[in-house]
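Colleague: When you get a sec, could you build the whole thing from the sequences and use the hints?
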Amino acid sequence: MCGIAGIISPDPQREQPLKRMLGALEHRGPDGEGIHHDAYVTLGHRRLSIIDLAGGRQPLYNEDRSLVLVCNGEIYNYRELRARLEQDGHRFLTNSDCEVILGLYERHGDQLLDHLRGMFSFALWDTKRKRLLAARDHLGQKPLFYCAGEQGFAFASEIKALRALDRRRQRMNLAALDQYLALRLIDAPLTMYQGIHKLPPGHLLTIQPGGAPQIRRYWRLQQSPKLAGNEEHLLDELQAKLQETLRLHMESDVPVGAFLSGGMDSSLLVAMLSRDLKVTKLPTFTMGLRYQRFDEAPAARAVANLFATEHHEERVLPEIAAHLPDLVWALDEPSDPLSLCTWLLAKFTRQHVKVVIGGDGGDELFGGYDRYYGNLYAARYGRLPEGLRRKVLAPAMAMIPEAGWYKSLGHQLRWLHHLSFHSGSARYAASLNYFYFDPERRRQLYARDVQHRWSELDAEAAIRRPYEESEGGELDRMLYADSLVRLPNHPVMITDRICMAHGLEARSPFMDHELASFAARLPASMKVRGGTLRYIQRKLAARYLPPEILDRPKQGFSSALPYLLQTEYTRLYQSCLRQSQLVQDRVLDRQAIAQLVDEHLAKRADHGNRLWLLINAEVWYRMSILGQSKEDLRRELAADEHGARRAS
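First residue of the sequence shown: -5, per this note's numbering; consecutive thereafter.
What the hints contain is simulated information worked out from the structure, not anything from laboratory work.
Glycine included, C-beta positions come from ideal geometry on N, C-alpha and C.
Treat the hints with care, as some may be off.
Stated by the list, open to error - Pair by pair, the computed Cβ-Cβ distance ranges are:
{"#": "1", "residue 1": "629", "residue 2": "87", "range": "43 to 51 Å"}
{"#": "2", "residue 1": "210", "residue 2": "189", "range": "18 to 26 Å"}
{"#": "3", "residue 1": "216", "residue 2": "80", "range": "29 to 37 Å"}
{"#": "4", "residue 1": "47", "residue 2": "302", "range": "22 to 30 Å"}
{"#": "5", "residue 1": "377", "residue 2": "402", "range": "21 to 29 Å"}
{"#": "6", "residue 1": "85", "residue 2": "235", "range": "29 to 37 Å"}
{"#": "7", "residue 1": "225", "residue 2": "629", "range": "57 to 65 Å"}
{"#": "8", "residue 1": "160", "residue 2": "124", "range": "20 to 28 Å"}
{"#": "9", "residue 1": "205", "residue 2": "165", "range": "40 to 48 Å"}
{"#": "10", "residue 1": "102", "residue 2": "274", "range": "49 to 57 Å"}
{"#": "11", "residue 1": "85", "residue 2": "216", "range": "31 to 39 Å"}
{"#": "12", "residue 1": "381", "residue 2": "621", "range": "28 to 36 Å"}
{"#": "13", "residue 1": "274", "residue 2": "313", "range": "34 to 42 Å"}
Claimed, not checked - Cross-link-like lysine to aspartate or glutamate pairs, in silico, EDC-like; alpha carbons within 16 Å at most:
{"#": "14", "residue 1": "154", "residue 2": "313"}
{"#": "15", "residue 1": "122", "residue 2": "58"}
{"#": "16", "residue 1": "341", "residue 2": "308"}
{"#": "17", "residue 1": "624", "residue 2": "226"}
{"#": "18", "residue 1": "348", "residue 2": "247"}
{"#": "19", "residue 1": "275", "residue 2": "304"}
{"#": "20", "residue 1": "533", "residue 2": "225"}
{"#": "21", "residue 1": "122", "residue 2": "32"}
{"#": "22", "residue 1": "597", "residue 2": "579"}
{"#": "23", "residue 1": "341", "residue 2": "307"}
{"#": "24", "residue 1": "533", "residue 2": "230"}
{"#": "25", "residue 1": "235", "residue 2": "270"}
{"#": "26", "residue 1": "533", "residue 2": "226"}
{"#": "27", "residue 1": "341", "residue 2": "364"}
{"#": "28", "residue 1": "272", "residue 2": "245"}
{"#": "29", "residue 1": "220", "residue 2": "468"}
{"#": "30", "residue 1": "13", "residue 2": "32"}
{"#": "31", "residue 1": "124", "residue 2": "32"}
{"#": "32", "residue 1": "533", "residue 2": "231"}
{"#": "33", "residue 1": "272", "residue 2": "238"}
{"#": "34", "residue 1": "235", "residue 2": "465"}
{"#": "35", "residue 1": "220", "residue 2": "465"}
{"#": "36", "residue 1": "13", "residue 2": "160"}
{"#": "37", "residue 1": "348", "residue 2": "25"}
{"#": "38", "residue 1": "401", "residue 2": "450"}
{"#": "39", "residue 1": "122", "residue 2": "100"}
{"#": "40", "residue 1": "13", "residue 2": "46"}
Modeller: Below is the structure:
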């Protein structure tokens, strides 16, 4: 796990700008720095030493130094690839897992990506062809950003490195802001900055000096043909494939730990590591909270005791204002409640290990979100005559209180009713933006100066397009859209940036692309069956976990933060939204924001998630566009908080 950066430019004075870029990535690789510089390109690498601690420094070269590589991530099947290449006569110069990329390129060219199994983003400079090949892993675990213009081409693992290259004031990308407010994510190729782009997962980029980047897809998640066989046979196959990917993910020259929440994903992984891979005294990590309903520590402790792990637990009192500037800095994008939980857990875990196993991807592979069966129910409810729903049931729904936690029964009924007036991809997009800003709410939110520009945007297309690309049934379409869009741009993005902010490598076995391909081809009935989510994964977990652990309700602390920490959030509404710079700069409408705040505080409506999005957009704007430092902003938020306490 590392940070990479590079510049292609006719300007020979590239080393100093590249060093600024690497300085911005030091947190991703605190163990060392390496630079390659020639007449056409300058490549840089910040290293977090995981494999080949003594000899794995980058950039890496082939024997005649005609190929240069910088890589971020891990190639899990490198031992198998290395043995095959050595049999073909290739000579390796290090024991680094990433060096197999050079050997594969010599044998297969760009098709080398067909052979890799891992999480990675890399850039390979071919000195003979004067050509750069850059790529991002199949499901987007590792990031890669780039910018191109008259001055040349540059890439980096994080946006902050590209901003260090060009220190002029950046401009906000309205399309990205619109996507964030609609879907709580920013899909590739968009970023929050004009002129800075995100390489999509499963894509490669090639460019030559003076040329424009050429981008194409090298891998697509296939959902057909569906796998045949009875339930026990498919269950055995799933178990074997997960055992294999866990074995690969444990490849490391430093100790590996595991996040343990007590939920199904992390508990199953810990169980299989302990029982099947015979990992003894596996270091496990959990975060305890004072909110009993959301405290996962007792369940995690039970799993740790069951499998005799070396368990570490820290009890924390989450604070938003103190951490928000750090979160936005780490993400380079507006934050999310999940990032605070990940920040606290990653900081604690890094005190003990450099590498940790996590459970990202389980919900998207096996159907773990309520909205999956919710959309199916909405389709059935939508079969009722529209007149009945609009004239009789709609007034009844309006009588249900809207205030309260967004998972309340009232909210769920209103959500279901709302979805019944949509169909297909539009319904799935509506199921996601309902608790954020749907098109009508966004129209009201934007200032008059930008409304004409906003009318040309279509934030929900990011979800509708992959939904419509899928050839499966409704559940397959939802899972496909989430795997391509929501997974890499929300939980995985947060895991990578937040863990790497602490120099911690997070590995996600469920996101192995071969396991994901197997899961995608499972029949839909093996994922969501009636009201049972993750049916086949639950069956597999029952082979390892007792009912009291397996049947525990999913708690999910992060989504409840705007409701649990209401006092602190109320102060943020005052400091961030009543004095909004996005309003001052005529992006958002003051009256629309004031109405949201007033309705929420008076409990006439529930805008908790919407106001959280606006707070984060505001903090990001002040730091990233207006240039306010995170230290200054933290002091400002702290002063507002202390002032509010004195006033009360």
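Colleague: Using the C-beta atoms of residue 274 and residue 313, is the stated range 34 to 42 Å upheld?
Modeller: Since the Cβ atoms of residue 274 and residue 313 sit about 37 Å apart, the hinted range of 34 to 42 Å holds.
Colleague: Quick check: does the Cβ-Cβ distance between residue 85 and residue 216 fall within 31 to 39 Å?
Modeller: 36 Å, holds
Colleague: Are the Cα atoms of residue 13 and residue 32 separated by 16 Å or less?
Modeller: 15 Å, holds
Colleague: May I ask you to test the hint 57 to 65 Å on the CB atoms belonging to residue 225 and residue 629?
Modeller: About 58 Å separates the Cβ atoms of residue 225 and residue 629, which means 57 to 65 Å holds.
Colleague: Starting from residue 624, check that the Cα of residue 226 is at most 16 Å away, please.
Modeller: 54 Å, violated
Colleague: Does the Cβ-Cβ separation between residue 377 and residue 402 fall within 21 to 29 Å?
Modeller: 25 Å, holds
Colleague: Would you mind confirming whether the straight-line C-alpha gap from residue 533 to residue 231 stays at or under 16 Å?
Modeller: This hinted pair holds, its Cα atoms lying about 13 Å apart.
Colleague: Regarding the pair residue 13 and residue 160, is the alpha-carbon distance no greater than 16 Å?
Modeller: Distance of about 13 Å is within 16 Å: holds.
Colleague: Compare the distance between the alpha carbons of residue 272 and residue 238 with 16 Å, and conclude whether the hinted pair is satisfied.
Modeller: 13 Å, holds
Colleague: For the pair supplied as a hint, residue 533 and residue 226, confirm whether the alpha-carbon distance does not exceed 16 Å.
Modeller: The hint holds at about 9 Å.
Colleague: Confirm or reject the claim that residue 160 and residue 124 have a C-beta distance inside 20 to 28 Å.
Modeller: Once the Cβ atoms are compared, 24 Å apart, the range 20 to 28 Å for residue 124 and residue 160 holds.
Colleague: Need the status of pair residue 341, residue 307: alpha-carbon distance at most 16 Å?
Modeller: Holds. Residue 341 to residue 307 sits at ~12 Å (cutoff 16 Å).
Of the hints listed earlier, those the structure fails to meet are numbers 9, 10, 12, 14, 17, 22, 27, 34, 38 and 40, in rising order.
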